Amino acid sequence: MSLAQWQADLSAFALHGAVDAAARLLPHLKHSPIPAEAALAVHAACVHSALRSALGQRVPTVVALVGEEFFTTLSEAYARAHPPTAPQLSSWGNGLPAFIVAMPACAAYPWLADMAAFDLALDRVAWANSEDSGPALPLTPDVALVAAPGLAVLRCRYAVDRLRDAVAEATGGNEGALSAELLEAALHFYVFWCAADATVRCREISEPLAEVLETLFLSGDTSETAPEIPAERLTELAQELVSLPALRVVATTT
Amino acid sequence: MHLRRAREHLPLSLHAVGLSLGSVDGVCRQSLQRLRALTDEFQPGLVSDHLSFSVVKGQYLPDLFPLPYTKEALEVVAKNVDAAQDALGRQLLVENPSVYLSPAAQDFNEPDFLAALVKQTGCGVLLDINNVFVTATNTGQDPNVMLQGFLAKLPREAIGEIHLAGHTTRHLDFGQRLLLDDHGSKVDDAVWALYRAAIQVLGRVPTLVEWDNHLPEWHVLAAEALQADVVLAAVHSPFSEALPLAFNGTGNA
Chain A
3 MSLAQWQADL SAFALHGAVD AAARLLPHLK HSPIPAEAAL AVHAACVHSA LRSALGQRVP
63 TVVALVGEEF FTTLSEAYAR AHPPTAPQLS SWGNGLPAFI VAMPACAAYP WLADMAAFDL
123 ALDRVAWANS EDSGPALPLT PDVALVAAPG LAVLRCRYAV DRLRDAVAEA TGGNEGALSA
183 ELLEAALHFY VFWCAADATV RCREISEPLA EVLETLFLSG DTSETAPEIP AERLTELAQE
243 LVSLPALRVV ATTT
Chain B
95 MHLRRAREHL PLSLHAVGLS LGSVDGVCRQ SLQRLRALTD EFQPGLVSDH LSFSVVKGQY
155 LPDLFPLPYT KEALEVVAKN VDAAQDALGR QLLVENPSVY LSPAAQDFNE PDFLAALVKQ
215 TGCGVLLDIN NVFVTATNTG QDPNVMLQGF LAKLPREAIG EIHLAGHTTR HLDFGQRLLL
275 DDHGSKVDDA VWALYRAAIQ VLGRVPTLVE WDNHLPEWHV LAAEALQADV VLAAVHSPFS
335 EALPLAFNGT GNA
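Chains as they are written, first to last, in the working numbering: chain A, 3 to 256; chain B, 95 to 347.
If you are wondering where the hints come from, they were derived from the structure by calculation, not from laboratory data. Hints are not guaranteed to be accurate.
[Unchecked claim] These stretches of chain A come out as covered by chain B in the derived footprint (C-beta under 8 Å, 3 or more residues):
1) 7-14
2) 35-47
3) 50-60
4) 76-89
[What the hints assert, rightly or not] Short derived list, chain A residues pointing at chain B, Cβ under 10 Å:
5) MET3
6) SER4
7) LEU17
8) LEU27
9) PRO29
10) HIS30
11) LEU31
12) LYS32
13) TRP94
[As the list claims (entries may be wrong)] Derived BS3-like pairs (lysine-lysine); straight-line CA-CA distance at most 27 Å:
14) B:LYS247 / B:LYS173
15) B:LYS165 / B:LYS151
16) B:LYS213 / B:LYS165
17) B:LYS151 / B:LYS173
18) A:LYS32 / B:LYS247
19) B:LYS165 / A:LYS32
These numbers come from a predicted model, not from an experiment. Even glycine gets a Cβ: it sits at the ideal position worked out from N, Cα and C.
Please model the entire structure based on the sequences and the hints provided.
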């Protein structure tokens, strides 16, 4: 067996439990003192345990809501569908909300994808460098509105911030602790940022403010053809924008 | 910030897990770039990674998969170690892994494979004594004989660092004993005995007690480090002055 085949089969078995890969490997393995099947299983368990741990650290509220057993199964399914394609596991799992939406078994938890997106947004901001600056919007030649590092906006169909608080407060932190009111569907908009003291901040905001923040700071398009916000809309939201702690007015001249 | 402060007072040993030195696709460039940035900034005394692979066709799996010790594997690992050492501009220590499955046909045993790698690339070796014990037990070898193999085949100056750790025992259905290198308990007495035997031959070598699961109270960790210090202090080493970092402290990571 070539080294390339060895590596392909060992990883395929560890990640996917591929029976054909195991069948190719077994004739090339010693079966004593430990059965080769048991030895292979160690690697499969190690891979999925490490991935589950990494993903669970990023979405702790999801884990608390669905429980260890469900989350372990979810993590294994997600890992098989979306294995890490970069060495930093701390950034693996961004596709989990969409994966949850597509999983029939998750239909019983309609708020789960939003909760995952919320947890992931918090985690991403936690990795932002508080000493960096976010995108800046020139207001006048001398003044700019500067976003805090890690600025992000999230749209959810559930009040996931309150779901998260309820889980944190509930003994045992499970779904049974959630009131029906919290599970009612309604649009919510959140802004996330990294504060100067390096703490992660989140606040619920209005839909118009979310749209303005996305357009002005998060579209990634700074060209002259970038979508414009009508002046009257900006005027209406000026007070909210300036008072939002995720933004600060900065003099751009020395 | 904490690492910067520590570096002001102590030498560092950087221990990597992501280079995938055994990968047929080549060393992991992303991990190598990040490791290079760290070594440039912190100027550690020692830098190490494992004799294993974890990257396959662009997928990064968090495990240290074992290699068959074949001529083909030696060629691949040597090429990757050369690439890593070139990029880092320094010697890399390569650690013997914990092995659970063993190929039926190999061209080398583990000590011979590492000795050949040292000869071809000029790399050093991070000798993990717990891994020696785990691998020997899991593959039906005598741990003492395996350790003696390492000590006999490797140039003494090539062994730049030693690791110690705890392991757990799993009893399988038909009475077999499978050891798991889980870094979650005290160093086993049998591993301490191997360590003493190794230090008798090698002299004082920088030693790290690894404990990163089920962390105990600090005093338990400190006692483990102290035990390693006691072993090291009892030995006079003709090589200690030649070591890049002849400190006898231990640490936990």
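Going through the hints against the structure:
no.	hint	verdict
1	7-14	holds (count 5)
2	35-47	holds (count 9)
3	50-60	holds (count 3)
4	76-89	holds (count 5)
5	MET3	holds, 8 Å
6	SER4	holds, 7 Å
7	LEU17	holds, 6 Å
8	LEU27	holds, 8 Å
9	PRO29	holds, 8 Å
10	HIS30	holds, 6 Å
11	LEU31	holds, 5 Å
12	LYS32	holds, 5 Å
13	TRP94	holds, 8 Å
14	B:LYS247 / B:LYS173	holds, 21 Å
15	B:LYS165 / B:LYS151	holds, 22 Å
16	B:LYS213 / B:LYS165	holds, 14 Å
17	B:LYS151 / B:LYS173	holds, 18 Å
18	A:LYS32 / B:LYS247	holds, 25 Å
19	B:LYS165 / A:LYS32	holds, 19 Å
When held up to the earlier numbered hints, the structure conflicts with none and fits them all.
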